[in-house]
Amino acid sequence: MVGLSLGEQHFIQGGIAQDLRCDGRKRLTYRPINVETGVIPQANGSARVRIGATEVIASVKAELGKPGVVQPDKGKVFIYIDCSSTAEPAFEGRGSEELSAELSAALHRCLLGAKSGAGAGIDRTSLVVVEGKICWDLYIDGLVVSSDGNLLDALGAAIKAALSNTGIPSVKVAPGASSDEQPEVDVSDEEFLQFDTSGIPAIVTLTKVGRHYIVDATPEEESQMSSAVSISINRKGHVCGITKRGGAGLDPSVILDMVSVAKHVSEQLTNKLDSEIASAEAEDES
Amino acid sequence: MEYVSPEGLRLDGRRPMEMRQIRAEIGAVSKADGSAVFEMGNTKVIAAVYGPREVQNRSQQLSDKALVRCEYNMANFSTGDRMRKPKGDRRSTEISLVIRQTLEECILTHLMPRSQIDIYVQVLQADGGTRSACINAATLALADAGIPMRDLVTSCSAGYLNSTPLLDLNYVEDSAGGPDVTVGILPKLDKVTLLQMDSKLPIDILENVIQLATEGCKAIANYIREILLENTKELEYRRGS
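If you're matching them up, the sequences are chains P and L in order. Numbered per my numbering, the first sequence spans residues 5 to 290. Numbered per my numbering, the second sequence spans residues 86 to 326.
Among the clues, some could well be false.
[Claimed, not checked] What the simulated footprint calls covered on chain P by chain L, stretch by stretch (three residues with Cβ under 8 Å from a Cβ of chain L suffice, anywhere in the stretch; the number is not a length):
| id | region |
| --- | --- |
| 1 | 59-69 |
| 2 | 271-281 |
[Said to hold, decoys possible] What follows is a list of derived Cβ distance ranges for each label pair:
| id | chain 1 | residue 1 | chain 2 | residue 2 | range |
| --- | --- | --- | --- | --- | --- |
| 3 | L | 179 | P | 45 | 35 to 45 Å |
| 4 | L | 193 | P | 72 | 49 to 59 Å |
| 5 | P | 82 | L | 143 | 32 to 42 Å |
| 6 | P | 82 | L | 193 | 55 to 65 Å |
| 7 | P | 203 | L | 249 | 49 to 59 Å |
| 8 | P | 99 | L | 198 | 23 to 33 Å |
[As the list claims (entries may be wrong)] Sample of chain L residues lacking proximity to chain P, with all beta carbon distances greater than 12 Å (derived):
| id | residue |
| --- | --- |
| 9 | 101 |
| 10 | 103 |
| 11 | 147 |
| 12 | 150 |
| 13 | 166 |
| 14 | 183 |
| 15 | 212 |
| 16 | 234 |
| 17 | 260 |
| 18 | 272 |
| 19 | 285 |
| 20 | 310 |
| 21 | 325 |
Bear in mind the hints are in silico, worked out from the structure with no lab data behind them. In this text the structure is predicted, and so the values were computed from the model without any measurement. Beta carbons are placed, not taken as given, at the ideal position from N, Cα and C, and that holds for glycine.
Okay, chain P solo, but in the shape it has when bound (with noise of 0.2 Å):
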């Protein structure tokens, strides 16, 4: 936990009141970010993102399964967040279930959509191998190795650049298998399909200090928050989830005003990212 003193309270709300904050930047500013993919052999696809001191790992294992009843014309997608002690000495044992938990069902929602699978930010039915009978499951682990505030704008990122590393390997379906049989399949251990991420969004989250909003919050600055608003949007500018944190109420305008503030922010911030995992994938494959 930050402890600060109240002189220190007050330089970190005045700065922000008057668009400079502690690390100078403005309001709307993130810092730098650093992608790196590829980090993990064992996974099919796996990136660590860095923004400011704060370090996540995300990777994405693809397994044979089966669809579900109601929807079997798509695959399954999990995504499990861990927040180790590393971190943070309060993650200890138990202590990080309730962040992680929180972490988990947000990310939950702004990538993956309501539960038909409508408005997922990952396309589900591309999954599917023979509709009813076999499709992957992708299970995207995100750990938090270093915690430096914003995490999950830092773990949507991380995701994003994970996915767009996978590899999923090509399924050959034997033919002449009877409709009630399970299908016999061979894994090709040699070519691999790309996953499509242009339609993944980008989560920014806008933390409220006094009376303004600001991005990409450092822990002393999030101590200092009365609420926090999380919104993913896509390339086309689509809102896809949207999960406000901390006990405090907002205005309806404000929120409003908060999603087009978001919005703008989200242009800048795919651009980045975009390039910064193109740049990381081009080393990677070096």
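Got chain P sorted already, so can you dock chain L onto it with the hints?
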């Protein structure tokens, strides 16, 4: 199965007495008081040290020495097949204990009474020898945190397959069913602080295997010293003196 080919090469192309490539880096977690990444081949672990600081749980406070605590965790994606285990299963608890006991002995705990030192190790990739890698990473992190120690502790494993003693087993060799001897030493004092073995082994061969693992520990100790020296030089340079 053949683990050592007639030409004397192991499955991953190493010689029996050859260690995997090791790599270490100091300062992976900037918020911690000390931290390090340690890699042995494909095994990769992060260690972070917090402390010495005030004891969080008053009832655990020791009036004559520092309280040392350790937590070992494996990431869900660290193994080949994805695992989903709750935090703190039996295996992690045992390894936490082993790491704590090994390191507690070399920390000068009597110099810091009524305080607490937390060591957290996180496995990112597991390919055999996680115990050893964790201890090596934790030593580096403790040194980075500036915690007074008698000596560095380094650890390495060795095994015995196809009538050949093998240094630094990887996952495939570890699961072959042969003995796995993990040794931890204080390299300067030349003392063994950790010794574990599963499976059975004739006494005269055990001596050779332990000897081999000890040599491995010494090689790691030399490497860790180099890394520490390099890091200290860099700090000195940054300070500008």
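Against the structure, the hints:
Residue count for the region 59-69 of chain P with a Cβ under 8 Å from a Cβ of chain L: 5. That meets the three needed, and the coverage hint holds. Taking a C-beta to C-beta cut-off of 8 Å, the region 271-281 of chain P contributes 0 residues in contact with chain L, too few for the three needed, and the coverage statement is violated. A hinted range of 35 to 45 Å for the beta carbons of residue 179 of chain L and residue 45 of chain P is inconsistent with their spacing of about 27 Å. Distance hint check: the CB atoms of residue 193 of chain L and residue 72 of chain P are about 58 Å apart, consistent with the given range 49 to 59 Å.
With their beta carbons about 40 Å apart, residue 82 of chain P and residue 143 of chain L fall inside the hinted range of 32 to 42 Å. Checking the proposed 55 to 65 Å range against residue 82 of chain P and residue 193 of chain L shows it is violated: the Cβ atoms sit about 46 Å from each other. The hinted window of 49 to 59 Å between residue 203 of chain P and residue 249 of chain L holds, with their beta carbons roughly 54 Å apart. A beta carbon spacing of about 26 Å between residue 99 of chain P and residue 198 of chain L agrees with the range 23 to 33 Å that was offered as a hint.
No Cβ of chain P approaches the Cβ of residue 101 of chain L within 12 Å, the least distance being about 25 Å, so the stated non-interface status holds. Every CB of chain P is more than 12 Å from the CB of residue 103 of chain L (nearest about 21 Å), matching its label as outside the interface. No Cβ of chain P comes within 12 Å of the Cβ of residue 147 of chain L; the nearest lies about 18 Å off, and the non-interface call holds. Residue placement check: residue 150 of chain L keeps its beta carbon more than 12 Å from all beta carbons of chain P (closest about 20 Å).
Distance check for residue 166 of chain L against chain P: the nearest CB is about 9 Å away, which does not clear 12 Å, and the non-interface claim fails. The claim that residue 183 of chain L lies off the interface holds: its Cβ sits roughly 17 Å from the closest Cβ of chain P, which is beyond the 12 Å cut-off. Chain P draws residue 212 of chain L into its interface by the beta-carbon criterion, the shortest separation being 9 Å against a cut-off of 12 Å. Non-interface call for residue 234 of chain L relative to chain P: holds, since the shortest CB-CB distance, roughly 20 Å, exceeds 12 Å.
For residue 260 of chain L, the condition that its CB be more than 12 Å from all CB atoms of chain P holds, with the nearest at approximately 15 Å. Non-interface status of residue 272 of chain L relative to chain P is upheld: no Cβ of that chain comes within 12 Å, the nearest being about 26 Å off. Residue 285 of chain L, annotated as away from the interface, keeps every beta carbon of chain P farther than 12 Å; the closest lies near 31 Å. Chain P leaves residue 310 of chain L outside its interface by the beta-carbon criterion, the shortest separation being 24 Å against a cut-off of 12 Å.
No beta-carbon of chain P is positioned within 12 Å of the beta-carbon of residue 325 of chain L; the least distance is around 23 Å.
Hint compliance for this structure: hints 2, 3, 6, 13, 15 are not met, and every other hint is.
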